[in-house]
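**Q** Sequence:
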Amino acid sequence: GLFVTDYFTRTPRKLSPFRSFASIELFHFHIPEDTVIAVWNLITFKEQGGTFGDQCPDRSITVYFRSGAPSVINPLHTHFPRDTAVPGSFALTLTWTLPNRTTGVFNVTSPLPGDWFLAAHLPKDEGKISVKGLYEECQYLFQPQLIVQRMVNIAVLYPGHVTEQSMAPHNRSCLYKVFVPSYTSRVLVEVLRCHGAEGCPLWLRVRAKAPPLHNSTTLDCREHTPCQLAQDLPFWQHWYYVLVEKHPGVPGTVSFQVTVQLTDCSRPSLARPPFLPSSASMNMPHSFGSAGGLALGDSPPPTSPNDTKHPVPIPVTSHAGERCWPVRPTLRNELDTFSVHFYIFFGPNVSVPPDRPAVFVINLLPVLDSGGVLNLELRLNVSSLCGENVTVFGCLNHEVPLTSGDNTSVTCETESLAGFLLSVNATASLSRLRIPYPQTGSWYLSLRSLCATEHGFEPCTNVTAEVYLRAYLSPCINDCGIYGQCKLLRTNNYLYAACECKAGWNGWGCTDNAEAFSYGFQLLSTLLLCLSNVMFVPPVAIAVRSHYLLEAAVYIFTMFFSTFYHACDQPGIVVFCIMEYDVLQFCDFLGSLMSVWVTVIAMARLQPIVKQASVLYLLGAMLLSMALQMDRHGLWNLLGPSLFALGIMAVAWTARTIRRRHCYPPTWKRWAFYLCPGALIAAAAVLLYAFVETEENYFYIHSIWHLLIAGSVGFLLPPRAKPSRRLGPLPRRKGCGYQLCVNEQEELGLVDPAVASINSICTS
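Under full-length UniProt numbering, the first residue of the sequence shown is numbered 1, with each subsequent residue one higher.
Incorrect hints may appear among the rest.
Just the calculated beta-carbon pair ranges, DEER-fashion [said to hold, decoys possible]:
1) 251 - 149: 21 to 31 Å
2) 684 - 52: 46 to 56 Å
3) 482 - 694: 38 to 48 Å
4) 488 - 50: 29 to 39 Å
5) 99 - 549: 57 to 67 Å
6) 83 - 482: 31 to 41 Å
7) 103 - 351: 51 to 61 Å
8) 658 - 635: 27 to 37 Å
Lysine-lysine pairs mimicking DSS-like chemistry, simulated, CA-CA at most 30 Å apart [as the list claims (entries may be wrong)]:
9) 487 - 502
10) 124 - 669
11) 246 - 209
12) 124 - 14
13) 14 - 502
14) 14 - 487
15) 502 - 124
To be clear, the hints were calculated from the coordinates, so they are not data collected in a lab.
Heads up, the beta-carbon is just placed ideally off N, CA and C, and yes, glycines get one too.
Using the sequences provided together with the hints, build the complete structure.
**A** Here it is in structure tokens:
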């Protein structure tokens, strides 16, 4: 065959430690039909400060693969909510081969066509809270690349037609495909008139959706005569691939014929007609491949000189699952993103007769619906049972309804199908099923009623059970409960939803309470974070006593909004919000930085130097508001105004020191008992905030931060500035001159004015 190679790549993304599915990086690929091999090249590299992170530690990277929908992963081994079905996926872990780069390769032979999803994450970390911009963090970037090789012009088998083939000595196999429309209960592939050096040295393999593999359904034609391979309950609206493979070491040419027969379950006594005039009657797509040059819209001739002979008579046999029942559609009502209700015509109450199943179909749109949760609910009306011991079983299967011929069977699985079982009876009248990230396409629900006897379940007589059926699509399971938040996430053009849990709760629906915070713990943490702001009361009193009314107002503002911000910021149920969260956070951050600003400006004592010192207070408020609006968590956006205020204070103190030719403040008591302790307390608070605080110790470390910052303000706030006391006019000498009176007590920066005498020096 002729092969075509396609190449796909994605932009590198920064990986995060796993906390929930909201913290993973999701990549979406599309594999075309007739792909024989797909190779994922997984590239991972480290970065630190814009360069290669050779000094970064090696952290394992886990990658998950799944076809049709994102992977439902559980690396922390938490508990899933009740009635939740967990679809499987494949995972691998990448190890580092170079100091700053590693590459992994993942091959998939004959992958299923359609959407494929890759999810990647780092291991869970200790939850350290780092200040943004304090140091260069190690970043782990992940970039997947996909290379696919697909076969073109695969020969198409038409039901009821014979295709002749000669396999040359250098050829190993021949690949065909046949489209299976809806309401097909059986696919029968047969090899006829096989001639080779050793009888019929062929293997016959059949697989749905993709070319067969070594573990696909296989038949050895040397051991079976006739060489027929049947597939019961095939997938509807899909291609089936037929691989005829020659045994190794067989010399010469092998000639054979291949034919396919499809059984129409809507008419179990008839097979599908061999001649159909158009693609619409065959319910086939408009792009086939090639079938000996036969156009889709053309009627095949009665005979063909090369590969098509007269139709083979189709034997009609009775086997399990040959008969199918009418499928009732559902009405799709879209309310919002991943909020879709499926209504049943003449529902939601459904009657389940005793002699036949009731079958419904739920259609999920490609890509759009695979990022949510498919919910199914069955509720039995016990009054409709008339006292009989009736159990209603429901089988939910993907792409084909499961209607077994054995009425007493209660399984939803066959050799090639795997479904989900639901059951309701008089004792347990309610049953639920949740499927996170369901595969798109058609989901079929088959309901049937059986009566329990001493010998097991048997068909009921004259009892029609009534069931309330509800099917809907939701973003998350139960909206993540009270301890979680359902987040709508996006990767490129693909949307999906995931829960982000809080207060120690975990799991896919935030229902795992193994590490959950108790109510007492939540109350204690809230009280510590809120009541620790009472430490601002002493600085307010000191400021009022020293006539620093503006500073006192800023401290009151900070105390008020910090208290109610932390009351609103709690992760559990002990939460109290008086305003919107964003407003409270902005006011808390602004008040904290303004407290630092006004305290440092007050320490600078700019009144004798700058007559309009209030301009600096207004300038600081505007600069800090701008910095917070740019980035509330950025280090330099917040540290810059603080350093600017410290620079103003340093300039003011230096000017006084130069003018007086003496260190300012000049008394050792001011340095020993006020400035040094206050600076040490503030430095300890900053170190705790920047390097010690984690998610686990946040509530008490941050409370200590409140206490230390408020305590440092009480030490650093300067004493009250006394007004200048001027003496009466001295006798003037004759001539011109001027008089300068300086209050030395204010220049000394003394706390208590009684400890020093007032000396006014007048110079003419």
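**Q** Look at each hint and say if it fits the structure.
**A** We went through each hint and held it up to the structure:
{"no.": "1", "hint": "251 - 149: 21 to 31 Å", "verdict": "holds (29 Å)"}
{"no.": "2", "hint": "684 - 52: 46 to 56 Å", "verdict": "violated (36 Å)"}
{"no.": "3", "hint": "482 - 694: 38 to 48 Å", "verdict": "violated (25 Å)"}
{"no.": "4", "hint": "488 - 50: 29 to 39 Å", "verdict": "holds (32 Å)"}
{"no.": "5", "hint": "99 - 549: 57 to 67 Å", "verdict": "holds (60 Å)"}
{"no.": "6", "hint": "83 - 482: 31 to 41 Å", "verdict": "violated (19 Å)"}
{"no.": "7", "hint": "103 - 351: 51 to 61 Å", "verdict": "holds (59 Å)"}
{"no.": "8", "hint": "658 - 635: 27 to 37 Å", "verdict": "holds (33 Å)"}
{"no.": "9", "hint": "487 - 502", "verdict": "holds (13 Å)"}
{"no.": "10", "hint": "124 - 669", "verdict": "violated (51 Å)"}
{"no.": "11", "hint": "246 - 209", "verdict": "holds (22 Å)"}
{"no.": "12", "hint": "124 - 14", "verdict": "holds (15 Å)"}
{"no.": "13", "hint": "14 - 502", "verdict": "holds (23 Å)"}
{"no.": "14", "hint": "14 - 487", "verdict": "holds (19 Å)"}
{"no.": "15", "hint": "502 - 124", "verdict": "holds (15 Å)"}
In this structure, the hints that do not hold are numbers 2, 3, 6, 10, in rising order.
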